[in-house]
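Chains A and B, in that order, give the protein sequences. According to UniProt numbering, the first sequence is numbered sequentially starting from 1. According to UniProt numbering, the second sequence is numbered sequentially starting from 1.
Some hints here could point you the wrong way.
Unchecked claim - Listed next, with one range per pair, are the computed distances between beta-carbon atoms: (1) 250/B x 263/A: 51 to 61 Å; (2) 258/B x 283/A: 58 to 68 Å; (3) 283/B x 212/A: 47 to 57 Å; (4) 209/A x 306/B: 32 to 42 Å; (5) 129/A x 60/B: 46 to 56 Å; (6) 373/A x 206/B: 12 to 22 Å; (7) 206/A x 67/B: 53 to 63 Å; (8) 306/A x 141/B: 29 to 39 Å.
For the record, the hints were derived by calculation from the structure and aren't laboratory data. Idealized CB from N, CA, C, for every residue including glycine.
Protein chains: 2
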Amino acid sequence: MGGPKSQWLTLSITLALASLSASTAISLYLWKRKSKPTFSNGESSKKIEQLEASLKGALAKCAAERKGRIRAQQALREALRSPNSDKLESSSYPMAPIAVVHSCFSTRNGTPRQPLLVPLAKASLIFDSARIPLPSLEGLEGYSHCWIIYVFHLNTDLDKLWKHPSQSKFKAKVRVPRLNGDRIGVFATRSPHRPCAIGLTVAKVEAIHGHEVLLSGVDLVDGTPVLDIKPYLPYCDSIQGATVPDWVKADNILAVASVNFSEGFSSSLAECWLLVEKKSHYASPDEFQSLIRQVLSWDIRSLSQRSRPHQPQLNTESDDDVEKIVDDFSRVESCREDEAIENGGELVSSLTSDVVYHLILEGLNISYRIDSDSNVLVEKATLASLHSKSR
Amino acid sequence: MGGPKSQWLTLSITLALASLSASTAISLYLWKRKSKPTFSNGESSKKIEQLEASLKGALAKCAAERKGRIRAQQALREALRSPNSDKLESSSYPMAPIAVVHSCFSTRNGTPRQPLLVPLAKASLIFDSARIPLPSLEGLEGYSHCWIIYVFHLNTDLDKLWKHPSQSKFKAKVRVPRLNGDRIGVFATRSPHRPCAIGLTVAKVEAIHGHEVLLSGVDLVDGTPVLDIKPYLPYCDSIQGATVPDWVKADNILAVASVNFSEGFSSSLAECWLLVEKKSHYASPDEFQSLIRQVLSWDIRSLSQRSRPHQPQLNTESDDDVEKIVDDFSRVESCREDEAIENGGELVSSLTSDVVYHLILEGLNISYRIDSDSNVLVEKATLASLHSKSR
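One chain only, chain A, in its complex shape:
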């Protein structure tokens, strides 16, 4: 009993010293503007006891709350000052991006299934000038290619990283098209849905302007955070006689029969070109049209789209709820479900018997059809919706 009591004493005394004057002032003030009630002696003393008791209780509670508030606030300050203390330090390494990708591929849908497949696929790495001194890029221009280590930032389950990096959920096995949808261990694939959402790709080094590194042949989505780049060293990185399982050899990169443009295409492109050309990687509508041709020369549709092209894509589950057929070696099909949401146009169009597909390049929405003989007809270009652009 002594402990709490003396605590309570200290509190009351401290507060009292700090405030007697004020309290006197107030009681004076209250007294001035009130008529006095009358009590019998007994009543009043009883009333007083009750009041005093409840007051004592209130004060004790108050002191406790105050203590709790202060303790919580101190802990909070501590937690915010060193975000990686305790929990994180032991379990994970904080990796801060050094650059961000500005790519012609506004969404994952249409992003090539492997690097260097689309030579005209341009991107620039914009390095964080506050963090990366210019001299650190000196000499990179001497290499033809470089590795890019990046974050799969569009994984819809990425947010789990923040909570429990060491417990971020992932599928142990993923279904892969090359196995006709059979499942295989995630570490036997390059699926983006891995415990550490780190991607590895290679690109051609075109030029370096200040903090901007121009690349081509990329398979990177716009906005991708980059953790590191390294020079490509043939004598280390190009392994003679490296072998893969037979199922990987089965070519999954389907070339289409032909790519043609509708009569109205050029004019539709010309219309919206003015709105994007300033920030475009491409010098002219013609060069951009060549990009479209290169991208659509490969059937970029997901397995599900190919197998049932005339059924609407109504699957809107998140990464957690659905076991997706991810492309075994790119992030493209892994985003199929998202695209169905994100790229609503397709959802609507595909309700018609003849499916219109959409591809977002440089913020432009390119609509095309593909017939049963896999001849592609590019219909028109329009400004992509902000939503699609934002992806």
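Following the hints, put chain B in place on chain A, whose structure we already have.
Frame of chain A, contents of chain B only:
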């Protein structure tokens, strides 16, 4: 006059509300130690007014404290649940290792300058069984090689990561042996001292036993945390016609003239072998001796050691204080200074005219000499000191 007056009123009221409780508390306390008082009507009613006011104030204060406490605790919970919120979320991604490397290379000194250079260099990746389900490794055995994305955990400045990931210091340019110590941008090298301390290497996949993946041809140091592994895909990763700057072509991997073993070596190895064989990657002292031969077939000494082999290495600065000559494409020489400390034997020996070098393999300290014609004589094997082993 009205302004100041009302201000004064507000002030007194505020102070009073916050403190009446306390002042009353005092009186309450005094009262408790007194025999029950008797009040005149006036006194008692006044007392009651005061008490009621105090109670009101106390309850208000209590409610305020409670609100504050709850708000602080909610914020704290938030901060602890997502340590990377606010500050970090924008600036870095927490990456939790999926495995740790158990390698024959106990220290960086002697670790090959590039992968696959020492075929007998064995390591096992021990996956975190709490986090990585066995099926996630299914199918990996079908590939001859895999990429390993890891953390340069021996960088002495790594701790900075925890404090300010986005401000972790690094040298914009590093001195490279191939340029005879000239400097070049860090992104034109594979120096471990980069803004994100992420390493990329490739190894041969030998076998998979449960959560253990056996590798060979590694250039990884024991204890390296692994963030991700990916299958090596020749059609993506092996780029025909990739080019590098001329200075990179200059071969920096010096083969030695010969590697011989002293008469006493075998017995010295036999003595300590019993103590390490249980956790060794090697079946017999003979196989282990072959590893030593392969490792020492390349001059693993740093440029500084080669150029002034008969001067003691007294440089003990940390990564921050000194601009080191790092090996341009491995982490080996970057640790030269550390080795001088860590591997004290050399420090002492090198004070004599004839330098004895040390190499820590599988926790054994291998001492050797190398003459001016670069003939290596391996002298003896002893148990490495705990300190060296711990590295």
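Status of each hint after checking the structure:
1. Checked against the given bound of 51 to 61 Å, the beta carbons of residue 250/B and residue 263/A, roughly 58 Å apart, stay inside it.
2. Taking 58 to 68 Å as the suggested C-beta distance range, the pair residue 258/B and residue 283/A conforms, at roughly 60 Å.
3. A hinted range of 47 to 57 Å for the beta carbons of residue 283/B and residue 212/A is consistent with their spacing of about 53 Å.
4. Separation of residue 209/A from residue 306/B is about 39 Å and conforms to the stated range, judged on CB atoms against 32 to 42 Å.
5. Roughly 52 Å separates the CB atoms of residue 129/A and residue 60/B, a value that falls within the hinted 46 to 56 Å.
6. Here the CB-CB span from residue 373/A to residue 206/B is close to 47 Å, at odds with the stated 12 to 22 Å.
7. The hinted range of 53 to 63 Å is satisfied by residue 206/A and residue 67/B, whose Cβ atoms lie roughly 58 Å apart.
8. Remark: the range hint 29 to 39 Å for residue 306/A to residue 141/B is upheld by a beta-carbon distance near 30 Å.
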